[in-house]
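Position chain C relative to chain H; hints supplied.
Just so you know, the protein sequences line up as chains H and C, in that order. Here the first sequence stands for residues 1 to 240, where the numbers follow our numbering. Here the second sequence stands for residues 1 to 111, where the numbers follow our numbering.
Calculated from the structure, these hints are not laboratory results. Be aware that a few hints might be false.
Footprint (simulated), chain C over chain H, 3 or more residues, beta carbon under 8 Å [claimed, not checked]:
(1) 158-169
(2) 220-232
Only part of the chain H face toward chain C is listed, based on derived beta-carbon distances under 7 Å [claimed, not checked]:
(3) Ile146
(4) Thr196
(5) Glu198
(6) Gly202
(7) Leu240
We treat Cβ as the ideally placed atom computed from N, Cα and C, and that holds for glycine.
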Amino acid sequence: MSQNAGIEVRVWRGGAEGRYQTFRAPRRENQTVLDIVTWIQREADPTLSYRFACRVGVCGSCAMTVNGKPRWTCRTHVSKVASGGRLTIAPLRNLAVIRDLATDMAPFFEKWRRARGRFEAAISRDDPLVPVSPESPERRAADAAIECINCAVCHAACDVVAWRGDYLGPAALNRAWAAWNDVRDGDRVGVLAAATSEAGCGNCHSHQSCAEHCPVGIDPTRSIAGLKCAGLMALLRGEL
Amino acid sequence: MSARLFLLQRLTALILAPLVLVHLGVIIYAVRNGLSAGEILERTRGSLGWAAFYGGFVLTVSAHGAIGLRSILIEWGGQGRRSATAIGWAAGSLLLVLGLRAVWAVTGGGA
Numbered sequence: 001m002s003q004n005a006g007i008e009v010r011v012w013r014g015g016a017e018g019r020y021q022t023f024r025a026p027r028r029e030n031q032t033v034l035d036i037v038t039w040i041q042r043e044a045d046p047t048l049s050y051r052f053a054c055r056v057g058v059c060g061s062c063a064m065t066v067n068g069k070p071r072w073t074c075r076t077h078v079s080k081v082a083s084g085g086r087l088t089i090a091p092l093r094n095l096a097v098i099r100d101l102a103t104d105m106a107p108f109f110e111k112w113r114r115a116r117g118r119f120e121a122a123i124s125r126d127d128p129l130v131p132v133s134p135e136s137p138e139r140r141a142a143d144a145a146i147e148c149i150n151c152a153v154c155h156a157a158c159d160v161v162a163w164r165g166d167y168l169g170p171a172a173l174n175r176a177w178a179a180w181n182d183v184r185d186g187d188r189v190g191v192l193a194a195a196t197s198e199a200g201c202g203n204c205h206s207h208q209s210c211a212e213h214c215p216v217g218i219d220p221t222r223s224i225a226g227l228k229c230a231g232l233m234a235l236l237r238g239e240l
Numbered sequence: 001m002s003a004r005l006f007l008l009q010r011l012t013a014l015i016l017a018p019l020v021l022v023h024l025g026v027i028i029y030a031v032r033n034g035l036s037a038g039e040i041l042e043r044t045r046g047s048l049g050w051a052a053f054y055g056g057f058v059l060t061v062s063a064h065g066a067i068g069l070r071s072i073l074i075e076w077g078g079q080g081r082r083s084a085t086a087i088g089w090a091a092g093s094l095l096l097v098l099g100l101r102a103v104w105a106v107t108g109g110g111a
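For reference, chain H alone in the conformation it holds in the complex:
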């Protein structure tokens, strides 16, 4: 594609009901999908609503559906995803659309809370630090899950979330897995009880769409499998 020819971009406009609006944006070298959306908002239609902050893959706020797949748009190069020189950009799936490309993230973060994702301190700041070996199996498991940027790409990719809206989803359960493996947490059984609740890990079909689409390479399916196993063992031991 010649850089001067520009690129045809279809962008979702409206809320749950809406339509795609077509723009033609200039192509530039090393251009990201977020660059395109920002160009449209600044140069073509300032009423376009979308969300971003850091632009470097840290904050997790710019995720959208690009040509049918959930992606972090700030680190997605147009050249990698523009099939046939066209882009179709829509809001993330499985979340209510506020307007255009901005979704309501509140239910997503509420699920983190319901999965007991918050750290519960077992000691106070006056107590000595708890030593945690980086080599311990628990810490290694927590490390594999800890780098989540809360972008909701996995939540949008998950078919089980699409089927039953109350399912806690891969991101919240991945966080629960990290909390379960944090030996400093004061209520690990509480984490497991939340993660294995009716809306919890037992609903995962292991499709692995979350792992396939996670932009930072986390494997939430593996975390959920760990929760399933830990939940079964705790139940058999009579702890749940």
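Just chain C now, kept in the frame of chain H:
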């Protein structure tokens, strides 16, 4: 599904796997000399072993099928938890009654 339903679903699957294999093996073995009601009943009637085998089969299938149906109803049927649970109980109970009646018919005195 809850942790208890998840455990029950996995345990029944664990039990069902060998039972299904034996059941399929018996089907293949049984038709070798032609399949007749008389031959089947000759093997099963009065047999405590077959009564226990298929009685256990029916028990585990009833639980496993009911839990699976409940999940399908919630995920694909648009049902709420309460109605899906009620339908699951009804389907499981029906499977249990029909299944045990059939087991009794071929292993006991006849239906």
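Comparing the hints with the structure gives:
1. With 3 residues bearing a CB less than 8 Å from a CB of chain C, the region 158-169 of chain H meets the requirement of three and the coverage assertion stands.
2. For the region 220-232 of chain H, the proposed coverage by chain C is satisfied: 3 residues have a C-beta within less than 8 Å of a C-beta in that chain, meeting the threshold of three.
3. At a threshold of 7 Å, the smallest CB-CB gap from Ile146 of chain H to chain C is about 24 Å, leaving the interface hint violated.
4. Below 7 Å, beta-carbon pairs count as interface contacts, and Thr196 of chain H has one with chain C at about 4 Å; its hint therefore holds.
5. Residue-level restraint check for Glu198 of chain H holds (minimum Cβ-Cβ distance to chain C is 5 Å; threshold 7 Å).
6. Nearest Cβ of chain C to the Cβ of Gly202 of chain H: about 4 Å, under the 7 Å cut. The hint holds.
7. The restraint placing Leu240 of chain H at the interface with chain C holds, with a minimum CB-CB distance near 6 Å, inside the 7 Å limit.
In the structure shown, a violation is registered for the earlier hint numbered 3 alone.
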